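Student: Note that UniProt numbering numbers the sequence shown so that position 265 is 265, with each residue one more than the last.
Hints may be right or wrong, so weigh each one.
[To be verified] Pair by pair, the computed Cβ-Cβ distance ranges are:
1) G404 to G300: 24 to 32 Å
2) S152 to D439: 31 to 39 Å
3) G300 to G339: 45 to 53 Å
4) N348 to Q311: 15 to 23 Å
5) G436 to D94: 41 to 49 Å
6) E233 to G436: 29 to 37 Å
7) R349 to N443: 26 to 34 Å
8) G339 to G377: 37 to 45 Å
9) P406 to G345: 21 to 29 Å
[What the hints assert, rightly or not] Below, a list of computed lysine to any residue pairs in the SDA-like style, where the Cα atoms sit at most 20 Å apart:
10) K372 to N306
11) K196 to P181
12) K285 to D70
13) K381 to G427
14) K285 to D408
15) K372 to G427
16) K73 to K148
Derived from the structure by calculation, the hints contain no laboratory data. From a predicted model like this one, the values you see are computed outputs, not experimental measurements. For every residue, glycine included, the Cβ atom is placed at its ideal position computed from N, Cα and C.
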Amino acid sequence: MGSLRLSAWSSSAAARAFPSDWRGRPSRCAPSSPASAAPPALGRLQMGTDHAWQWDCRGGGLGGGGGRRDYAKEMEAAVRVVQVACTLCQRVQDSLLLADAGSGSVHSKLDRSPVTVADWGVQATVSWLLSDCFRDENVSIVAEEDDKTLSSSDGTALLESVVAAVNGCLVEAPKYGLRSPEKDLRAHDVLQAIRKCSSTGGPKGRFWVLDPVDGTLGFVRGDQYAIALALIEDGEVVLGVLGCPNYPMKKEWLNYHQRYYRLMSKVAPPTSGSWNKGCVMYAHKGCGQAWMQPLVHDFGMLNWHNSREIQVSSVSDPVSATFCEPVEKANSSHSFTAGLAHSVGLRNRPLRVYSMVKYAAIARGDAEIFMKFARSGYKEKIWDHAAGVVIIQEAGGVVTDAGGRPLDFSRGVYLEGLDRGIIACSGALLHRRILGAVDASWNSSTL
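Let the sequences and hints guide you as you build the complete structure.
Tutor: Next up, the structure:
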């Protein structure tokens with residue numbers, strides 16, 4: 001396949017982008033806040049008497065009562081790891097968008113979708129960090145990318161760039177409360193980390209699900225994308241984390257293309273810690289809460305006290321509701337969703353964004369409805385939905401297929417048995433109206 005040539009990401013550019021003038025060695029998964037810090041609000045990770053972070057979930061039951069498992073360590077590690085991945089992506093994206101960055105490429109996969117240094121770099125980074133945090137356990141990961149291109153005879157230069165990006169990011173892991181390697185990873189180590197993400201999922205056991213860069217087309221265009229990490233146990237999504245590096249903290253910025261937003265940010269740069277753009281959202285199943293914190297890359301430090309609760313919108317009237325749909329037309333039908341929107345009375349202009357940022361928009365109350373109806377022959381993959389589904393649900397929303405059934409994450413890498421499409425709503429009333437409209441319109445569609 002051909003490759004889409006953009007600006008560059010050479011190994012030398014990567015070395016410049018990722019500073020390596022210091023390297024900390026704290027204990028793995030070490031908390032970044034002192035034990036004497038003021039107690040954080042419900043739902044945040046806080047210090048317990050044993051000096052380990054505890055997941056404080058509304059309603060209790062975690063690690064104590066109700067028979068519910070305590071996922072405090074997993075939640076903390078996942079949020080920290082996604083923060084690291086966001087930093088890697090931001091740096092690679094900035095380098096890709098610089099006209100004078102040298103020479104580099106964005107490659108095309110067999111399905112013609114783009115893949116970049118960031119896709120492989122994030123997968124290797126997340127794989128290494130999770131394995132290091134849970135070194136006494138068998139870490140199983142389902143992820144999108146493989147190492148075939150990097151391992152090929154003509155992939156040497158690309159592999160060098162990925163290795164440089166990974167090492168440049170891992171060296172800063174202590175800033176996120178994680179451990180960095182004792183020495184730089186070699187090409188073999190990076191390939192091994194990518195290969196470790198070869199689980200096929202299924203109904204039993206525990207595995208992580210990773211989409212290293214969801215919305216790569218948006219990524220290479222300087223627009224929206226997401227890093228999505230979820231934990232599935234016995235076929236059920238138990239926690240999810242979404243890193244949205246370009247998702248602005250103010251909804252009104254969504255009306256502008258990211259390039260314009262970047263330009264305006266350079267003209268009048270916001271102060272550090274102003275929550276100007278970029279966030280990480282996370283939730284644990286059964287908590288009844290979802291949370292958001294600013295990016296370490298933007299905010300300058302990881303501080304759990306900066307987290308705040310997010311909730312879905314209270315809008316229930318379709319006339320006032322906003323719906324999200326994919327930007328890409330290849331795997332979804334804009335005409336069918338437009339017809340549905342009209343039939344239920346939606347009048348607002350749709351919010352078209354790349355990637356799982358659509359899930360983030362609903363969870364945060366920036367939109368009320370997400371509809372996706374794939375064209376014939378396309379199969380939805382679990383890494384495109386797992387993290388977003390649990391975050392919306394815990395923020396108060398509803399996510400099902402078009403038949404009203406929960407999405408099934410227990411049948412491998414695909415969402416098998418999906419009834420027509422996926423519908424996510426901020427509330428049950430809107431959800432029921434969309435389901436009814438789908439039933440009324442489906443037979444006349446061309447999907």
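Student: Now look at each hint and say whether the structure bears it out.
Tutor: Cross-check of the supplied hints:
1. G404 to G300: 24 to 32 Å: With Cβ atoms ~45 Å apart, the hint is violated.
2. S152 to D439: 31 to 39 Å: violated, 48 Å
3. G300 to G339: 45 to 53 Å: The hinted range 45 to 53 Å holds for G300 and G339, with Cβ atoms some 47 Å apart.
4. N348 to Q311: 15 to 23 Å: holds, 20 Å
5. G436 to D94: 41 to 49 Å: holds, 45 Å
6. E233 to G436: 29 to 37 Å: About 34 Å separates the Cβ atoms of E233 and G436, which means 29 to 37 Å holds.
7. R349 to N443: 26 to 34 Å: holds, 28 Å
8. G339 to G377: 37 to 45 Å: violated, 21 Å
9. P406 to G345: 21 to 29 Å: holds, 26 Å
10. K372 to N306: violated, 33 Å
11. K196 to P181: Distance ~17 Å between K196 and P181 Cα, so the pair holds.
12. K285 to D70: holds, 11 Å
13. K381 to G427: Status violated; Cα separation ~25 Å.
14. K285 to D408: holds, 15 Å
15. K372 to G427: holds, 17 Å
16. K73 to K148: At roughly 33 Å apart (the allowed maximum being 20 Å), K148 and K73 break the hint.
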